[in-house]
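Asker: Chain residues, written in single-letter form:
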Amino acid sequence: MRDDIADKVIAIIAEQAMLDPSDVTPQSTLEDLGIDSLGLVESIFAIEETFDISVPFNANDPSESDFDISSVSAIIAAVERLVQDQT
Amino acid sequence: MSHRVVITGAGTINALGHDVPATLEAMREGRCGIGPLDIRDVDRLAVKIGGQVTDYDELTHFNRQQISLYDRFTQFTLLAARQALGQAGLSFSGDLADRSGVVLGTSGGGLNTQDENYRAVYEEGKNRVHPFIVPKLMNNAATSHVSMEWNLRGPSFTVATACASSNHAMGQAFNMIRSGMAEVMLAGGSESMLCFGGVKAWEGLRVMSKDACRPFSATRNGMVQGEGAGVFVFERLDHAKKRGAEILAEVAGFAMSSDASDIVMPSKQGAARAIAGALRDGGIDRSAVGYINAHGTGTAANDKTECAAVADVFGAQADNLMISSTKSMHGHLIGGTGAVELLACIMALRDGVVAPTIGYEEFDPECALDVVPNAAREAPVEVALSNAFAFGGLNAVLALKRAP
Chain L
1 MRDDIADKVI AIIAEQAMLD PSDVTPQSTL EDLGIDSLGL VESIFAIEET FDISVPFNAN
61 DPSESDFDIS SVSAIIAAVE RLVQDQT
Chain B
1 MSHRVVITGA GTINALGHDV PATLEAMREG RCGIGPLDIR DVDRLAVKIG GQVTDYDELT
61 HFNRQQISLY DRFTQFTLLA ARQALGQAGL SFSGDLADRS GVVLGTSGGG LNTQDENYRA
121 VYEEGKNRVH PFIVPKLMNN AATSHVSMEW NLRGPSFTVA TACASSNHAM GQAFNMIRSG
181 MAEVMLAGGS ESMLCFGGVK AWEGLRVMSK DACRPFSATR NGMVQGEGAG VFVFERLDHA
241 KKRGAEILAE VAGFAMSSDA SDIVMPSKQG AARAIAGALR DGGIDRSAVG YINAHGTGTA
301 ANDKTECAAV ADVFGAQADN LMISSTKSMH GHLIGGTGAV ELLACIMALR DGVVAPTIGY
361 EEFDPECALD VVPNAAREAP VEVALSNAFA FGGLNAVLAL KRAP
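Respectively, the protein sequence lines represent chains L and B.
Note that this note's numbering numbers the first sequence so that position 48 is 48, with each residue one more than the last.
Note that this note's numbering numbers the second sequence so that position 301 is 301, with each residue one more than the last.
The hints are simulated quantities; they were obtained by calculation from the structure and are not laboratory data.
Any given hint might turn out to be false.
As the list claims (entries may be wrong) - Residues on chain L that point at chain B, a partial pick, calculated with CB under 8 Å: (1) L38; (2) F45; (3) E49.
Said to hold, decoys possible - Chain B residues, not near chain L, derived (Cβ > 10 Å throughout): (4) A26; (5) R28; (6) T54; (7) D55; (8) H61; (9) Q114; (10) A120; (11) Y122; (12) E124; (13) P155; (14) S156; (15) A276; (16) A288; (17) A300; (18) E366.
Note that the structure is a prediction, hence the values are computed from the model and not measured.
C-beta atoms are modelled at their ideal positions from N, C-alpha and C, and glycine is treated no differently.
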């Protein structure tokens, strides 16, 4: 299950960045991948739709949202937590 | 040929009041018109607040037949236009009617009508809708009904530039009178997007606040939507003087610019070009500007970009002027916002009272201007600017002077 979530999140981010999933590493930041604010909002929408979760994220202050977007691994961990909270 | 243009009538309905005196009183008192949304399916929204027009019953103003043709945004427009023309004391016939028109801004037009009827056909599975849905929802409906009701037969159209719509509309009206194309113009804008589909679409961008609109405050966390209308009577100065009309303010300058860069992120350069352009157009010295009604949406992106643009244009003079966002009180009326906000400019010029930015909690070094926090201020103002910077990077700034 855990790997499944990671793979799906990476696939979403890779699609947004127009990269191959193999080029998206856990250490990558969205900035590294060339994802801007609109790309981020679209990625979060795709994550919500894929996992049927609600992501607490306000574009006005990403650092203060309860959703860590500092790196791909942070996003994966946050999604795992949200999925777990739901079950 | 260049004519001077003045404002001889004003009308509004918005979350702060159902007319101009009530709205200005609320602005003087720094009262907040934002509260819990009372709309269908609000429980399915993540954003549950807005600057809604309350205590409003369409049946007290319009008959059943009119309501079948007037979307809420058209109703708001007609009520505001009625007040503005009542104050101006004008009626239109003959040559004056042919040389007078209507230019109004809106972004969503009859969005409530669309929302209700999509719901009827998609959710409720109905195969039939009311016959007047198209003339009710079209963006130019409000302009056309104003034109019909008051016999304004000259240049008339609707402008849609998202959050800058009414400033663009008022700028067109100003230029038409200035150039001699028209004698009197009804100008302003209206918006009513506070319905389930309207708010749901905005939620998607994740720029909406769930608790309050706090422009320029370090604690700001997004915009809050409002609704309503503002309509003004723009008139050639000599025409107004000849009939002894009371003049509320002079429209002195206007400029537009396009960022040509991003569909949602604002640009300092684009905003600065519009602000500087309005000053240049009106032959106004920077040092004469006492007040700027900011676009001030309360988003992270707008407020710091707008402050940087003002600092760019005004240099050291930026520290001597006041800049406030009345969106903190009435919310963001999108296509109608510049019209309601122009009232704050008129209040500053005519009454010497500058409307505050309420909800201000904490200094933000990226918005280091005098934002008139939380309480209105008495100060003489000779020139006021009104900023509007739209999604899509389309900017429109008006410059007003105290009545001559």
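Asker: Give me the numbers of the hints this structure contradicts, sorted from smallest to largest.
Answerer: 3, 17
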